[in-house]
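Enquirer: Going down the list, the sequences are from chains A and B. If you read the first sequence in the working numbering, its first letter stands for residue 888, the second for the next number, and so on. If you read the second sequence in the working numbering, its first letter stands for residue 160, the second for the next number, and so on.
Hint data in this document are derived by calculation from the structure and do not stem from the laboratory. Quick reminder that beta carbons are idealized off the backbone N, C-alpha and C, glycines included. Warning: the hint list may mix true and false statements.
To be verified - Some chain A residues well away from chain B (every beta-carbon gap over 12 Å; in silico):
1. S897
2. E919
3. F1000
4. H1114
5. F1182
What the hints assert, rightly or not - Covered, in the sense of this in silico footprint (three residues per stretch, anywhere, with C-beta under 8 Å from a C-beta of chain A), are these stretches of chain B:
6. 341 to 350
7. 363 to 369
8. 373 to 380
Said to hold, decoys possible - Residues from chain A shown here face chain B by an in silico Cβ test under 10 Å; the list is partial:
9. G936
10. T1013
11. L1014
What follows is the residue order along each chain.
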Amino acid sequence: MDTMRERFISSTTRLLAEDPRLALVLADISAEGFRPAARAHPDRVINVGIREQLMIGVGGGLALTGLRPVVHTFASFLLERPFEQVKLDFGHQGVGGVLVSVGASYDWPAGGFTHMAPGDVALLDTLDDWTVHVPGHPDEAEALLRRAAPGDDRVYVRLSLQSNEHGWPVDGARFLTVREGRSGVVVAVGPMMDHVMAATEGMDVTVLYATTVRPFDAAGVRRAVGHGPADVVVVEPYLAGTSTAAVNDALADVPHRVLGLGVARREIRRYGRMEEHLAAHGLDPAGLRGRIGRFLGAGASR
Amino acid sequence: MHDTAPDRRDLGRLTALMALMTGDEKHGPAATSTLDALWVLYDRVLRVTPETADSPERDRFLLSKGHGPMAYYAVLAAKGFIDEEVLAGFGSYDSPLGHHPDRMLVPGVEIGSGSLGHGLPLAVGTALGLRAQGLDTPRVWVLIGDAELDEGSNHEAIAFAGPAGLDRLHTLVIDNASATHGWPGGIATRFAAAGWSTASVDGRDPQALYSAFTAPHPGRPHAVVARVEPRTA
């Protein structure tokens, strides 16, 4: 199976051939993979070099002329470094684009903290009107990219090397109910799905699978809670608690409890492998099972 | 070809329009630092009118240095993009005219600006977008200040646009010597080193501005540095 990044390159290469309105902006990252696309569409595949402020500004400028920009690099350099460009050159100018990141929270742990962006979704939450897709499988990544390509809106697609065993049907909006139970609701975001399924094995809980987290499927969470206890756990592959407020808003009219699990804010200053970082943040199946079980209580165990 | 007398009459009318915003008949050099260059551009160079303000074929003018936009609004009013009546509300809650312009509120305004260093990268993207769509006629102009040039994003754009051969891109630098550390060696050299065509002129001389604005520069982007009175003078 290819990675989400490889799928992004192959599907965007096809989309560039299909849709003359699409343009790709790079800052050296993945430029090698897009070499054939750049040869085929030299005016619509633009590599600005290692210049991320310019990369976002160019994306905004392309959109001002009516093109649909796809802008891509590591999450740290796509959102965090040029954040004010994202805020002003898209949102304030009233134009859209598709920002596609790689690297996620710790796709390259040996690369250290400079290439980790657990805060990307929380950061984007400070801005208005961004759709955020967090696919958990290359097939989902391709489906969500194809959905984003023809629009005029602002879309962030967060790709990761962490991937589930198989893809689920995704519609770019709603959460998917993959297991039903009576003792609480667990929302698994994108790449966290397999670990959440393993962690909740044998628990009497509803599991929702979320690949589009903004806008947040509040109606789906309310439906899943139903008449049962309004106890919700959100397991996110980025900063813990990023969606806690969204769950809280979804359940504003009923007494409820929310547990937000994800990557800790603390910089752990370790290299190594992704599995080791998942375990360090308690996001491996064992760590998740303990915390979810304690939060939902004895009723969760069948 | 214009002689200077009509330009002087035009400038008198423009400062009267600025007075509608500021309530002040007399303006210091800082408030009018962009005025002469803006007028020459809109009166004699840019191919855009209120009727073509949404046409894909129009020339684009991006005011990057959004601070002190009274001269810009005066020119837009004089050319009919906005009604003179809205000038008096300048900066008020219900006015479309803020102390920094917003493209979503003002017809003919291509970008919202105010935060420095955004216009030139947006202009590069605009030039690339027009080229990719085969729109070969429109030219792209962006106005920045010499102090705005401090922002590193400009240098990312300058270094890219030269080698990219973006010959439809034009940068007008209004130089009122307000950059804290100055530009030893000159502003134009920053552009020239990246392969731009450059011209440095008196920013109060309409004929010199017009000549610099219309100088041919095949295969290269063009930068015009327009010197005006130092801000602190």
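Enquirer: Each hint: holds or not?
Expert: Hints, verified against the model:
1. S897: Holds, since 22 Å exceeds 12 Å.
2. E919: Fine: 19 Å to the nearest Cβ keeps A/E919 off the interface.
3. F1000: holds (23 Å)
4. H1114: Holds, since 45 Å exceeds 12 Å.
5. F1182: Non-interface label stands for A/F1182: nearest chain B Cβ at 43 Å, farther than 12 Å.
6. 341 to 350: Result for this restraint: violated, n = 0.
7. 363 to 369: Since 0 is below three, the answer is violated.
8. 373 to 380: Since three or more residues must qualify, the claim that chain A covers the stretch 373 to 380 of chain B is violated, with 0 doing so at under 8 Å.
9. G936: holds (6 Å)
10. T1013: violated (16 Å)
11. L1014: violated (15 Å)
Violated hints, listed in ascending order, are 6, 7, 8, 10 and 11; each of the other numbered hints is respected by the structure.
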